[in-house]
Amino acid sequence: MRRAVRRSSATEELEVIPPSKLAIDNVSKNFRSASGPVLALDRVSLNVAEGEFVCLVGASGCGKTTLLNIIAGLEKPDSGTVLADGKPITGPGRERLVMFQEPALFPWLDVFGNVLFGLKLKPNLTNKDRRDVAKYYLELVGLSRFEHANIHELSGGMKQRVSLARALAPNPRVLLMDEPFAALDALTREQLYGDIQEIWKARRKTIVFVTHNVREAACLGDRVLLFSPHPGRVQEEFTVELPRPRDINSVDLAAHATRITKALKSLGQAEATAAK
Amino acid sequence: MKRFLLAAAFFAVLVLLWEAVYRAKIWSPVLLPSPRQVVTYLEGAAADGTLFKATVITMRRLLVGYLIGLVMGLPLGLLTARWKLFHDTIGTLALGLQTLPSVCWVPLALLWFGQTEAAMLFVVVMGTLWSVVIATETGVRNVPPIYRRAALTMGSKRLHMWFKVILPAALPFIVSGMKQGWAFAWRSLMAAEVIGIMIVIVVIGLLADKIFFSPIEKFLHRRWGTSQA
Numbered sequence: 001m002r003r004a005v006r007r008s009s010a011t012e013e014l015e016v017i018p019p020s021k022l023a024i025d026n027v028s029k030n031f032r033s034a035s036g037p038v039l040a041l042d043r044v045s046l047n048v049a050e051g052e053f054v055c056l057v058g059a060s061g062c063g064k065t066t067l068l069n070i071i072a073g074l075e076k077p078d079s080g081t082v083l084a085d086g087k088p089i090t091g092p093g094r095e096r097l098v099m100f101q102e103p104a105l106f107p108w109l110d111v112f113g114n115v116l117f118g119l120k121l122k123p124n125l126t127n128k129d130r131r132d133v134a135k136y137y138l139e140l141v142g143l144s145r146f147e148h149a150n151i152h153e154l155s156g157g158m159k160q161r162v163s164l165a166r167a168l169a170p171n172p173r174v175l176l177m178d179e180p181f182a183a184l185d186a187l188t189r190e191q192l193y194g195d196i197q198e199i200w201k202a203r204r205k206t207i208v209f210v211t212h213n214v215r216e217a218a219c220l221g222d223r224v225l226l227f228s229p230h231p232g233r234v235q236e237e238f239t240v241e242l243p244r245p246r247d248i249n250s251v252d253l254a255a256h257a258t259r260i261t262k263a264l265k266s267l268g269q270a271e272a273t274a275a276k
Numbered sequence: 001m002k003r004f005l006l007a008a009a010f011f012a013v014l015v016l017l018w019e020a021v022y023r024a025k026i027w028s029p030v031l032l033p034s035p036r037q038v039v040t041y042l043e044g045a046a047a048d049g050t051l052f053k054a055t056v057i058t059m060r061r062l063l064v065g066y067l068i069g070l071v072m073g074l075p076l077g078l079l080t081a082r083w084k085l086f087h088d089t090i091g092t093l094a095l096g097l098q099t100l101p102s103v104c105w106v107p108l109a110l111l112w113f114g115q116t117e118a119a120m121l122f123v124v125v126m127g128t129l130w131s132v133v134i135a136t137e138t139g140v141r142n143v144p145p146i147y148r149r150a151a152l153t154m155g156s157k158r159l160h161m162w163f164k165v166i167l168p169a170a171l172p173f174i175v176s177g178m179k180q181g182w183a184f185a186w187r188s189l190m191a192a193e194v195i196g197i198m199i200v201i202v203v204i205g206l207l208a209d210k211i212f213f214s215p216i217e218k219f220l221h222r223r224w225g226t227s228q229a
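If you read the protein sequences in the order shown, they are chains A and B. Going by our numbering, 29 is the number at position 29 of the first sequence; the sequence numbering is gapless. Going by our numbering, 77 is the number at position 77 of the second sequence; the sequence numbering is gapless.
Treat the hints loosely; a few may be bogus.
What follows is a list of derived Cβ distance ranges for each label pair [what the hints assert, rightly or not]:
id : chain 1 : residue 1 : chain 2 : residue 2 : range
1  : A       : Lys262    : B       : Trp83     : 46 to 56 angstroms
2  : B       : Phe163    : A       : Gly156    : 23 to 33 angstroms
3  : A       : Gly156    : B       : Lys218    : 41 to 51 angstroms
4  : A       : Lys265    : B       : Phe163    : 29 to 39 angstroms
Over the 10 angstroms line for every Cβ pair with chain A, so calculated as not near, a few chain B residues [claimed, not checked]:
id : residue
5  : Asp88
6  : Ala151
7  : His160
Just so you know, these hints were derived from the structure itself, not from any lab. C-beta atoms are modelled at their ideal positions from N, C-alpha and C, and glycine is treated no differently.
Construct the complete structure from the given sequences, taking the supplied hints into account.
Written out as structure tokens, the structure reads:
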């Protein structure tokens with residue numbers, strides 16, 4: 001039977017598609033360093049439901065970024081399995097797009113060209129559709145007026161908005177965010193917390209969000225997973241049941257954040273005594 | 001305007017010095033003609049068309065040699081950046097030969113090809129090729145890994161990755177290599193032609209830099225945001 005070639009339209013392309021569920025089972029990963037192998041991840045298991053917003057919190061070097069890269073397919077685990085919708089992840093793919101800490105925007109393209117980059121790699125779309133889709137996402141992040149700006153002319157916050165639009169444009173099922181707001185000032189960050197919650201609600205993505213900012217994690221996540229370093233493990237799990245949209249400055253949120261911070265601190269002390 | 005006047009004054013002083021040395025009669029006028037004699041000669045050559053003809057021939061040699069150097073150098077640079085084997089062989093060769101002043105090729109080229117166009121071309125290609133190879137390799141190696149990773153997640157692979165990500169990211173390096181290659185090609189040709197139109201060669205070389213490379217570099221700095229000013 002021959003498969004009919006089907007062109008999807010811009011409206012179809014913009015449809016909300018069901019998000020993925022992730023199943024990470026017993027994943028370990030070693031790195032070689034000057035002082036011998038370092039166990040970055042030690043038998044980490046974790047499930048993420050469809051459309052869930054999960055935050056990974058921990059000190060620097062606890063392996064949370066490594067886990068994110070493994071989910072993205074950019075790195076391979078030494079052992080264990082990672083499944084997206086029941087299928088093993090064998091390499092990077094546009095089902096799971098990454099938003100990096102430093103903006104990985106391409107300076108040789110303007111804002112519009114950057115958002116268009118992933119769309120151009122999607123077959124079965126006309127160029128007009130691609131442009132319409134790119135325009136839609138630039139509007140979603142509030143940057144329609146900057147379509148033709150060069151990347152280095154943008155502020156840090158704007159760059160991350162473009163990164164977000166670029167990651168959203170190919171309509172992935174999973175969004176992986178690696179400390180995307182760490183380098184921004186507080187005011188810009190607070191705006192983006194509001195935006196990301198709105199976009200998450202509108203576009204229905206599964207989001208795995210890495211951060212070392214506990215308050216940020218409590219503000220955004222349905223669940224917050226606490227990572228312990230050396231070796232990287234999931235130490236504790238917190239569920240944040242607060243109505244959305246959440247305000248980072250609310251008292252209820254602060255209570256949750258305090259609970260997580262306490263756990264994080266006792267982890268740090270435990271490690272300090274272990275080191276002695 | 002002030003900048004221009006200062007520069008003009010600088011060159012005026014340079015010509016005056018030249019005239020002064022001529023008048024001091026340290027060397028015979030055959031070895032060091034006065035500025036006036038040089039201008040008269042150039043006027044004569046320009047009037048009877050020999051200057052124009054010689055310039056066209058020189059430019060043709062230069063452009064053809066430069067293009068051959070580019071067409072060979074770019075792919076070689078990409079190969080050396082991509083595969084260790086090419087890096088260890090062609091890369092090392094390029095590094096060695098680039099340090100060799102292109103003048104050194106002149107006697108060899110004359111011996112191998114005689115006083116032919118091929119000898120001239122050979123010298124120009126040798127001047128261009130290696131700096132283009134090295135600049136391309138350096139450029140590709142300096143592409144921030146995050147660009148590649150971001151492109152990978154969006155589904156870019158192989159040729160698409162090379163043409164849409166790595167080459168554009170390496171372009172500022174490649175253009176500075178092309179510029180250096182141009183300067184080397186120019187110098188090697190000067191060495192190969194060794195005739196008394198040094199000034200013409202210097203002026204044309206400067207013009208090419210201003211007309212051709214300056215706009216490209218300005219554009220790159222604007223887009224990439226690497227301008228220091």
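Ascending list of hint numbers which this structure does not respect: Numbers 3, 4, 6 and 7 - these are the hints that the structure violates, sorted from lowest upward.
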